[in-house]
Every structure is written in structure tokens, then in C-alpha cells.
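Undergrad: Heads up: the sequence lines are chains B and D, in that order. Residue 211 in the working numbering sits at position 211 of the first sequence, and the numbers go up by one each step. Residue 116 in the working numbering sits at position 116 of the second sequence, and the numbers go up by one each step.
To be clear, the hints were calculated from the coordinates, so they are not data collected in a lab. One or more of the hints may lead you astray.
[Claimed, not checked] Within a straight-line C-alpha distance of at most 30 Å, the following computed DSSO-like cross-link-like pairs (lysine-lysine) qualify:
1) D:K176 / B:K12
2) B:K160 / D:K109
3) D:K109 / B:K232
[Claimed, not checked] Footprint (simulated), chain B over chain D, 3 or more residues, beta carbon under 8 Å:
4) 116-127
5) 134-145
6) 161-168
[Stated by the list, open to error] For the chain D half of the interface with chain B, some residues (derived, Cβ under 8 Å), not all of them:
7) N24
8) Y49
9) T148
Think of the CB as a built atom: it goes at the ideal place given N, C-alpha and C, for glycine as much as any other residue.
Each chain is listed here by its residues.
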Amino acid sequence: MEKNAEVIELVKGVGGLVTLPNVFIRINQLIDDPDSSVNDIAQAISQDPSFTVRLLRVANSPFYGFSSSIDTVAKAAAVIGTSQIRNLALSMSVASSFAGLPNHLVSMDNFWRHSLYCALAARILARQAGRVDPEAMFTAGLLHDIGELVIFNRRPDQAKDALLLVLDSMDELPVHLAEQQTMGFDHAQVGGELVQQWSLPPLLRECIAYHHDIARAQQYPREVALIHLANKLALMAEVDTLDVGDVAPCDPQAWAIAGLDESVIEQVVREVQEEVIEAEKLFVGN
Amino acid sequence: MATPPIPRPPLVLPGFEHVRRNWNATYGAYAARLLPGEYYVTINDEGIYTTLGSCISACIRDRVNGVGGMNHFMLPASDDPNGWKSTSLSASTRYGNFAMEHLINVIMKNGGQRQNLEVKLFGGGRILQNMTDVGLRNINFVRDYLQTEGLRVVAEDVGEIFPRMVVYFPSTGKVKVKRLRSLHNNTIVDEEIRYITTVESKPVGGDIELF
């Protein structure tokens, strides 16, 4: 990835305002440590009451099908699996950590609702595509626009000008191209830089950095294409349409790279719309 | 392939020189960008577009000769959700009346015949949660107004929770409505609030002439 010095500086500038919670960093270390056990991980989680509560709610939610029988963190960690714990910890940590980065351009509820639509679409598409981890794609979907929150906080005037350009164009100019016009870079670059400075996995970085420019994917072209498609289907679910012409067009290669075709659109959009209400209770707000 | 040169914009009717117009490649036509509180009438083959949150746009044209236009307005806040009904000259409805009557009068001044007018209505979305439904007030007002005036609504897309982009071509009556993603909510609401604050700060009984 070629680096834009301005983007690096921008992301460094928010370093003190947005930090991943200690519980996530600790869980991440333990999962990577071959000598640690599930009990060590459960122990670390238990230090954070709010994460503990959320984890138990997620573990008992219809998504996992254990019908409310998971009553301890150790059980949750055992049945959900440690890599999945890491995804959940990250998903839950990031939303709360961005409370320190307020903005006037988009409400946090609206921002995270779109993110959640994308996460749900990414997970469904991943299950259909096969050979990718649906939960990792969920996390990538949830974080795909995270760079927007940085831009909206640090460059509010240019970000607003970009949104006005989009509206002046009859909503034909995509937001990331409008950002490139007003700032010289876009939210995907900023998001990619942020997760890199956080030392998050390269899969996540590629999905975030290239979700509008899938040809630039290096190690993870299928995953990047899936997030690109999930983003379009998320927008369709959000504005409640089954007509692809109502949202910005997809990259023409995306379906082929993902190993899927357009016949799944209707079913995915409807599933996302059905899942989003439950999912919002788990991931958005408190 | 060389791109054909962009033609000159069609002549603008007197009084609308301030409205910004851009060439739109998708439609191969000029289109006027309406802001809250503005209206635009044309006798030419050009588009008019705007973004709507809880505001209303009425698109009105003479279906025989194609003269027509669009407005973009909302009623100022009122404690009484039925305030728009109380009297047609109340402070709350005068801006709605003003917006509708100016649009209709300028269309008729440019050759529109009242019996040929057809109306399409858009907007009035409930895009802010936890607020009184100002969109619904605007919808109720404009329906009541059109009924009183005996004007027929041939198409509408109003209410719900989405902001909208409306593109209207008076010469053909063609209209495209696109629901916008919530990312744009605040930008659109800010524009509408700036407009309504300007309206509310004008003294009641000012120089607005009612017809």
C-alpha cells in the first residue's frame, strides 16, 4: 500500500483520543500466546464487567443457537471459540472507543447502523461463498467505514464539502471520490492506516483500505470483494430497495472474485433486514 | 471518442437568475439545484433537483404545454400539531401558502392553464427520531392546500424515514426519486434548519404578499 503522509499524520493525531480498550489488547495477547488456556482468556474477560455482559448476551443470542444456556464466561469462550472471542471483543471495543471522537456530520446511531448492516451482509455472503471465516467478515464489515469517524472529527469542513458535492451531483458521485476531491485522500485509506497503527490483522486492513478499490487487494482479494459487495447490499437494505440501480454501482469484477453471483441479492437483503433489529440490541448502544 | 461539447444553458425566466444550474451528463441536460425555501419555473427542457428531509417539494406542470416548476418548503415549528388547519392565514401556514402560490402563479404567468396543471408531491420524511413529526405536518398542509385549490396529485412519495433526492423535468413530467442513505441526514437537516431559522426570524406581517 503506498502511503499518504497526510493520512499517517491524521491517524497519529487521533491516537490519544481513540484507543482500543485494555480488555481487547489483553484478550488479543492471550489468544496469540500458545501457552494460554481458554480459562486464562475467560479470566481476562471477567475483569471487564461490561464486556462480560455483552459477551454472554451475544453467546445466548439466536445467532449461536445455544438457547440461553451459557451462564459463565468460560462456557461462552469454550462454545464460541477463541478466534470468535477475538472478533467479538474487537467489534464491541471499537464502537465504544470511538465515543471519544464525536462529530456533527453523522449520528453515531446512523453510522453504526450502516456498519451493522454491512457486517450482517458480509457474514451471510461469506457463508454462501465458503472458504472464508464468516465471523472475520462480520468484523471487517462492522469496521469498514471506520475512517469516516476520523475524517468527520478531524476535517469536518472538508468532509462536509465532500458530502455537499455528493448531493450536488444528484448522489451520482460516490462519497470516497468526493473526499478525494476535497482532501486528496478518502475514508478507506484513513481506516486502513488506523487498523495498521493498531496492529490489527492484515485481512482487516485490506478489507477496510480497499473496499472501494478492490483491484488493489493483495493477499485477500476474495474477502475484499465480499466487503465491497456487502457494503452495496447494506445500502440496499438500509434504503429498503431490491433495485441495484438505487445504490452506487458495484465493481464489475466483484461478484466473480467473490465466487458468487447477483442471484443472491434479494435473499441477502431480506435476511439482513430481518437480522438487523436483534443485532442492533447486541452491538449498538449500551 | 470525443465528448460532445456542453451546450449553453437554456434561457432563465426573470427572477430565477440566482438559482445555480449544472450540466448533468446522465440526463444530457442542465438541471437547477434548489435549496430549501427556493423555487424554480422553466419553459425549457431542463431539470430541477433538490434534496428533501422533512421539507416538501411540489412539482407542478401544465401537461399540455410543458411549462412547470418545483418548490421546496416547510412550515415553521408550531406547538399545535394541527396548527396548519386553524386558519389559512396563520403565521405557520403563510410560508407554505407563499411557496405554493408563487410556484403556481409563475407557471400560469408563463402560459400554464389552471385546468391543465398536474402535481407530484415528495418529501415530508421523518428523518430525525425523537422529534415531533414535522414531515407529517408539511404533508397534511400541502394535501389540504391542493384539495382546496382543486389541483390533482398524480404521483407522490412522501413520509417514511428517508431523506430523498428528487429530479424533475417539467417539460415531460418525468421524475426520479432516490432514497438517500442516512449518512446524508445531518447535512440535509442542517440546510433545512438554516432555512427555517431564517423564515422564523422574519416578522409576521412582513412584506409577503398573499394572493
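Undergrad: Hint by hint, say whether it matches the structure.
TA: Results of checking the hints against the structure:
At most 30 Å may separate the alpha-carbon atoms for a hinted pair to count; K176 of chain D and K12 of chain B exceed this at roughly 43 Å. Distance restraint check for K160 of chain B and K109 of chain D: the Cα-Cα separation of roughly 39 Å exceeds the 30 Å cut-off, and the hinted pair is therefore not satisfied. Between K109 of chain D and K232 of chain B the CA atoms are separated by roughly 46 Å; this puts the pair beyond 30 Å, and the hint is violated. Counting residues of the region 116-127 of chain D whose beta-carbon sits less than 8 Å from any beta-carbon of chain B gives 0, not enough to reach three: the coverage restraint is violated.
For the region 134-145 of chain D, the proposed coverage by chain B is not satisfied: 0 residues have a C-beta within less than 8 Å of a C-beta in that chain, short of the threshold of three. Taking a C-beta to C-beta cut-off of 8 Å, the region 161-168 of chain D contributes 3 residues in contact with chain B, enough for the three needed, and the coverage statement holds. Checking N24 of chain D against chain B: minimum C-beta separation of about 7 Å stays under 8 Å; hint holds. Among the interface hints, the one on Y49 of chain D holds; its C-beta lies about 6 Å from the nearest C-beta in chain B, closer than the 8 Å criterion.
Residue-level restraint check for T148 of chain D is violated (minimum Cβ-Cβ distance to chain B is 33 Å; threshold 8 Å).
Hints 1, 2, 3, 4, 5 and 9, counting from the list given before, are not met by this structure.
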